[in-house]
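> Put chain B on the given structure of chain A with help from the hints.
As they're listed, the protein sequences go chains A and B.
Sequential numbering from 25 applies to the first sequence in my numbering.
Sequential numbering from 26 applies to the second sequence in my numbering.
Where hints are given, some of them may not hold.
Some chain B residues near chain A, calculated using beta-carbon distances under 8 Å [unchecked claim]:
#, residue
1, Val159
2, Ala161
3, Gly162
4, Ser229
5, Asn248
6, Ser272
7, Thr286
8, Ser288
9, Pro293
10, Thr317
11, Thr331
12, Gly335
13, Pro338
14, Ser362
15, Tyr382
No lab work stands behind these hints: they were computed from the structure.
As the structure is a prediction and not an experimental result, all values here were calculated from the model.
Cβ coordinates follow ideal geometry from the N, Cα and C atoms, glycine included.
Residue strings, one per chain:
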Amino acid sequence: MKSLKITALCLSLIWFAGCTTTGNNQAGADGQNGEVMVEDRTGETSGIGDENASGTGIDGAETQVIVGEGDYTGDEINDPNSPLANRVVYFEYDSSAVRFEDQATLEAHTAYLGDNPNVTIRLIGHTDERGSREYNLALGERRALSIRQILMLQGASIQQFQVTSFGEERPEAEGFDESAWQQNRRVELIYIGQ
Amino acid sequence: MTKRWLTTITFLGACLSFQAQAELVIDIVGGTEAALPIAIVPFGSEGPTAPINISEIISNDLASSGRFDPLPKRDLISEPHEKSEINFKDWRLLRSEGLLVGKVSTEDGELHKVQFQLFDVYKSQQLAGMRYQVPAGGLRRLAHKIADQVYEALTGEVGVFSTRLAFVTEVKGVDGKKRYALQVSDADGANPRTVLQSKQPILSPSWAPDGERLSYVSFENGNAEVFVQEMRSGRRNSVAAFKGINSAPSWSPDGTKLALTLSKSGNPEIYVLELASGKLSRVTHNSQAIDTEAVWMPNGKELLFTSDRGGRPQIYKVSVDGGRAQRVTFEGTYNSSADISPDGRTLTMVHGFKGKYYIAVQDLQTGTLQVLTETGRDESPSFAPNGRVILYATEQRGKALLASVSVDGEIHRRFGESGKDVREPAWSPLRK
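Just chain A, same shape as in the assembly:
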């Protein structure tokens, strides 16, 4: 029953996103209400060869969650057969609408996040290389926000989410054809601390 409701919501989001961007818009409005805006102007550093420029805190984005037998603790998040083991969802070109294929995955994550209010997740949006880099940066964020909106449908709070976009800067597949591009139009779901 729960599951049906999500499917219906996902479907309506797809419909909305297909026509206009109302779906994302909703996510944006949520973000406005719940987020603390941090103004950070303290980052004064020297220029070339600066230590800060080596990039900290992001290495998590490259880490794959390894589900080893020894790590198995009984939490369903670690069950390799659960739809929760799926941590990437894909998109059509210039679209942030969820595809039918990813619904089961998103339903499982939505329920898990709703049931585990202490769990936090990072959503990283990506695009393929076509078009402008700056537009793609925005499109990657729109995709991540559209996933966040779905993942909040079963009681998860906005504090459980971190949203980042890398636009077209971190392709999963190198290449200049649709088979590479479709692997790159994605949102990665990364559970923090796992």
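Using the frame of chain A, we list chain B on its own:
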């Protein structure tokens, strides 16, 4: 006999063109038919030889513009270095109207005295001439500066050889990880210097109008943030690190403000940041659309930007004070990455149709659109400060490289492959 001669000439030609390619950073790939012949005599030298061949740099600059065709050295009938040594009657036998001569003298090994004179050989008249004193480190820039003066004297347009380019390079290390660098080079691609290195992507460099500061986007802290960096000191500041995207910086013509894209409201919107006070004002308010890539009109009162408020990305114009945005582009399904010519008349952009992306120009008065490039994978167009040439990023055999095209689409150039992926070019303003 004739055949053997032909073979010899072909062979010589092949050697010459090979040598030219090895010397030039830039390949001209079209549009040289209408180039103006010019005689450039190798500069004379007194004292120790200067570390840089000035007349060669000038010659390469002028040739690379596609608008000049320097005569081969073997065609030069003599090697004068100043007016008293020129027999104008002899030079009139050549097809070239312009004659450039000069000399370099090095007295104490540190300071170099350089002088040049440009003549119209038919009128026996000097068109331009200067005398300079520079340290060895300034010789390359001086050579570009002389090329600018020759260019201006003969075309009536401002030369841009002494300007600079900023761009981003990407290399994959032996560990398989990518390294990014923000680099600044001379306008001919030579003399590249790294101003920022990072393990995370760098995007969208934008020159301050004084040519002394760059703004750019860096992911070094895990999220897109905007920085401003001084070229001389290397000192830099994070100027926007709000929650969400901080990107697409563009300097106001007076150098006091940056237009930015921020998604701190939950949606990407255009803002203007006053650099001295940190005061932020929001320009766009369309929370359903992506609004990004703002660029200032030369009047400092309006911005062009990319928005998908109409369904697909198109270019719009809006007052810096906000208000209603006007749509500017109508042809094609995807128009983005606008840049504006210094006179405010011509818009260049990435123009997409049928899944391919080209560099195009649009006359803002008439609305006429012209597609300038052919590869279908072109991005990030940037006007030269004389409005004559557009620099952009493209791909060739899987490698990202820079290329340029004249605004009339006639002259195409490609910057030589450097083994790195090169992209995100930004042409500097004119240097004082």
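> Are the hints correct? Go through all of them and say.
Hints and how they fare:
1. Interface restraint check for Val159 (chain B): the shortest CB-CB distance to chain A comes to about 25 Å, outside 8 Å, so the restraint is violated.
2. Taking 8 Å as the C-beta cut-off, the interface hint given for Ala161 (chain B) is violated, the closest approach to chain A being about 23 Å.
3. At a threshold of 8 Å, the smallest CB-CB gap from Gly162 (chain B) to chain A is about 18 Å, leaving the interface hint violated.
4. Satisfaction of the interface hint for Ser229 (chain B) is found here, the shortest Cβ-Cβ separation to chain A being roughly 6 Å, below the 8 Å cut-off.
5. Satisfaction of the interface hint for Asn248 (chain B) is found here, the shortest Cβ-Cβ separation to chain A being roughly 6 Å, below the 8 Å cut-off.
6. About 6 Å separates the beta-carbon of Ser272 (chain B) from the nearest beta-carbon of chain A, less than 8 Å, and the hint is met.
7. Hint status for Thr286 (chain B) relative to chain A: holds, with the closest Cβ pair at about 7 Å, below 8 Å.
8. Look at Ser288 (chain B): its Cβ gets to within about 6 Å of chain A, closer than 8 Å, so that hint holds up.
9. With 8 Å as the threshold, the beta carbon of Pro293 (chain B) comes within range of chain A, its nearest partner Cβ sitting at about 4 Å, so the hint holds.
10. Using the Cβ-Cβ criterion of 8 Å, the hint placing Thr317 (chain B) at the interface with chain A is satisfied: the shortest such distance is roughly 5 Å.
11. About 6 Å separates the beta-carbon of Thr331 (chain B) from the nearest beta-carbon of chain A, less than 8 Å, and the hint is met.
12. The beta carbon of Gly335 (chain B) comes no nearer than 11 Å to any beta carbon in chain A, farther than 8 Å, and the hint placing it at the interface is violated.
13. Below 8 Å, beta-carbon pairs count as interface contacts, and Pro338 (chain B) has one with chain A at about 6 Å; its hint therefore holds.
14. Interface hint at Ser362 (chain B): satisfied, since its Cβ lies 4 Å from the closest Cβ of chain A, which is below the 8 Å cut-off.
15. Taking 8 Å as the C-beta cut-off, the interface hint given for Tyr382 (chain B) holds, the closest approach to chain A being about 6 Å.
Hints 1, 2, 3 and 12, counting from the list given before, are not met by this structure.
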